[in-house]
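**Q** Residues per chain, in single letters:
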Amino acid sequence: GENVEQHPSTLSVQEGDSAVIKCTYSDSASNYFPWYKQELGKGPQLIIDIRSNVGEKKDQRIAVTLNKTAKHFSLHITETQPEDSAVYFCADLNTGNQFYFGTGTSLTVIP
Amino acid sequence: SQTIHQWPATLVQPVGSPLSLECTVEGTSNPNLYWYRQAAGRGLQLLFYSVGIGQISSEVPQNLSASRPQDRQFILSSKKLLLSDSGFYLCAWSSGLGATQFFGPGTRLTVL
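First to last, the protein sequences are chains L and Z. The numbering used here applies: residue 136 is where the first sequence begins, and numbers increase by one. The numbering used here applies: residue 5 is where the second sequence begins, and numbers increase by one.
Simulated from the structure, these hints should not be mistaken for lab results. There could be a bad hint or two in this list.
As the list claims (entries may be wrong) - On the chain Z side, residues computed to face chain L include the following (Cβ under 7 angstroms): (1) Gly31; (2) Gly102; (3) Gly108.
Every residue gets a Cβ at the ideal spot worked out from N, C-alpha and C, and that includes glycine.
Extracted from the complex, chain Z is given alone in its bound form:
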């Protein structure tokens, strides 16, 4: 069966510091991968999605970037964190565009 992992589970970072969140998927090949941000008490905001290695689509302009160095690895990065980057970051995968998305356990990021 397929599983999705996110690392780390929680992170506290100072403003201006860099960020790297990792997402890996097991048990499937060529997945579509997604990064979402969930602010406290709000819904899911799609940040990036990827249909293959090196292919990244950005949904909203922001301080973050994404990369997909391997088929089942998706990384969310920032060179300099802002206070507004705090939130719960979710990675998801699907077998294709329009297919059901399955979410990882999330990373709680607090920027101080």
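So here's chain L without its partners, still in its complex pose:
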């Protein structure tokens, strides 16, 4: 079955610095890659997504890059702020129309 690995599991950055979270997947036919942000005690919220026909997508301070050859995709957060502190999950959609989620990255932005 599909395998999605997410690194790092925890990440601490100083406010204003950038944060990068990376996920790798195994199904070369996967074609959709969303990222979710989960604040403590709440459900995950979609923050950005990318499809396999695009290499990069940006939304203000958030960007996602996709390398289909290497089968990995990354979330980039620039100019981090304390409110960016949360757990971030990646996911991919495989050929069976099933989503597989990474194990999450706990991001702490230190003021």
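Use these hints to put chain Z onto chain L, whose structure you have.
**A** Same frame as chain L, now just chain Z:
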């Protein structure tokens, strides 16, 4: 716009007691509905999904069951809770298989 609700927000139940968690979606028709469990510090485990009324697919064998009595209502149940059923339960919806999933606020279940 679409909204998804889960009830209750938190629940503390003794071992062996029954369970019923409810999820409802507003603002859409014929959604696909999903139940996930999230153990502390871990990722999301898909438990059940439904593509229509009365249609339930189970992803893992377990002590839980799901039902979909109405188009926008999804219920997670158990006849007898186990300690290992503790966790954060998330309901999600999508417009179809392979479409983006949107999550509800979750239910924190503690089994004592």
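**Q** Each hint should be assessed against the structure and marked as holding or not.
**A** Taking the hints in turn, this is what the structure says about them:
1. Gly31: 16 angstroms, violated
2. Gly102: 4 angstroms, holds
3. Gly108: 5 angstroms, holds
Taken one by one, the earlier hints fail for this structure only at number 1.
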